Amino acid sequence: MHLFENFQQIELVDIIEFLGTIAFAISGVRLASAKRFDWFGAIVVGFVTAVGGGTLRDLLLDVPIFWMKSSIYIWCTLLAFVIVLCFRRYLIHMNNAIFWFDCIGLGLFVVVGYEKALMLDYPYWVCIFMGVITGIVGGITRDILINEIPIIFTQELYAVACIIGGVIFSALHFFNVDLAICEIVTAVSIVAIRILATKFRWTLPIVKGEE
Amino acid sequence: MHLFENFQQIELVDIIEFLGTIAFAISGVRLASAKRFDWFGAIVVGFVTAVGGGTLRDLLLDVPIFWMKSSIYIWCTLLAFVIVLCFRRYLIHMNNAIFWFDCIGLGLFVVVGYEKALMLDYPYWVCIFMGVITGIVGGITRDILINEIPIIFTQELYAVACIIGGVIFSALHFFNVDLAICEIVTAVSIVAIRILATKFRWTLPIVKGEE
Amino acid sequence: MHLFENFQQIELVDIIEFLGTIAFAISGVRLASAKRFDWFGAIVVGFVTAVGGGTLRDLLLDVPIFWMKSSIYIWCTLLAFVIVLCFRRYLIHMNNAIFWFDCIGLGLFVVVGYEKALMLDYPYWVCIFMGVITGIVGGITRDILINEIPIIFTQELYAVACIIGGVIFSALHFFNVDLAICEIVTAVSIVAIRILATKFRWTLPIVKGEE
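Chains as they are written, first to last, in the numbering used here: chain A, -16 to 194; chain B, -16 to 194; chain C, -16 to 194.
Quick caveat, the hints were computed from the structure, so don't treat them as lab data.
Given the structure is predicted, the values throughout are model-derived calculations rather than measurements.
Do not take every clue at face value.
All copies of an identical chain are treated as equivalent in the list; a pair is satisfied when it fits inside any one copy or across any two copies.
[Said to hold, decoys possible] Computed list of lysine-lysine pairs in DSS-like fashion (alpha-carbon distance at most 25 Å, straight line):
no., residue 1, residue 2
1, LYS18, LYS99
2, LYS52, LYS182
3, LYS182, LYS99
4, LYS52, LYS18
5, LYS99, LYS191
6, LYS191, LYS18
7, LYS52, LYS191
8, LYS99, LYS52
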């Protein structure tokens, strides 16, 4: 039984994906606005943040690019742009909700990326790679476009959450656990690790430079 | 009747494409020289500026990369490099001509990118996307390589001209207008918008940051 | 007779490839540590430095991405990370050995990239391009990720060595020289030019800016 085969669950998954896309796009638009980008620039950065990871994944797997099949990702980006434009004074009070959407979106993105490689019969380590790429490359590209060092490389346990999620998926799948359960446990783990890491300020050690 | 089927018009289109490629490459070489790049670096930045957009488009569409089929794009880039090297004192007086080639090249690049997606039966919004990507990604990659915020995100109506051009192409094509006329009207519109925007200093609003 | 068909020579080629991968990854990890990246960031930058060139080459050639077929490249990157972490006080005394591995790795990477295009029956200039891309794009991506101007564009005869190597390969192949000899002469030439260029501080001229 596959989670995505059930219509009602598809709807839930879709809603999560759209909320995640919007949350990712909002982070892009906000950082672009802090750099005084114009409307077009902010929308591009929002879109790239939301779809960049999945785009690189699909290029590497040599499958059709996911966002070229449906215009919904552009509408999510435009909605994110309008939200930032209209609610910019209140956004800071919405940080908590946006952070939640971002976490849940990340969990789902990693699961989607992982499964896309799994369906193509790649070994587990490639699946983990594709999950992580789906989750983090959008944010890396966003930071390159605004000419900053990618924040993911210096702060937060963001990527580690994706890796652990991928390892959990692989372990469960190895023991023939039902795919729907693999998906849910992986996504929940990623969300939980990310929230705990933010709450308790867990970080990875810095690599000490040479003298 | 298709514009590109007519031999004499092919020649005209080719000449426009080469002039556009040279103009794009010149902008790359000039910005690289301002950052004290060496010869190789300047040529690479010139080449990437000229072909970067079409390369990403071809990767996304999963078709053979256009510049791997003919070495003409390298020759155009080398010519652009020689022009900058030899005429650097006079380039500033050639700004007007270079700007014109750049505008015309942009118009053609967008049309070529749009049509490539159209021939593959993609919906209009994907065609517009591919036209815009062909037109702007070279300049974005150039600015990333010279470690600057992409100028297209903070200044000029450059990208908006590409989008409007794409919308015009879609509208004409929807009403079954002859493909050659679609191409010409689109390219002319893009050139006109870009020139008017530069002349009258039209810009998009900046996204205001949060307090 | 093909160099890579001989089992014992495969082993030698493999060892060279792993040493080259480790040397490339070390350069990524070291530069990331100088920017105070965390462990994950340093490993990503190391990996991208080692495989970035081959990845772009495989995307452009539309063939399966080489590092998705074997996990050895990740192990090489992790080993490079451990080396930097454990020996950071002694790394400066190992600079000579690392430089040698880096040179030999570069020679091999260019040969591998060149041949991959040659086997797909591309013309010589595409093969040279693919060799150069394999050799230099990893370092360019590394410098973009750490938010610096790519060092290859302003210093060292690094890329020129790759181009000359590609030209030598093409010339020998044109005259039907045995493939194994083409490979060895090309790799040795690249290593020699790179070492001589470093020793005698050969550089390309800077492109003079406009007044």
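Index of numbered hints that the structure contradicts, given in increasing order = 1, 2, 3, 4, 5 and 7
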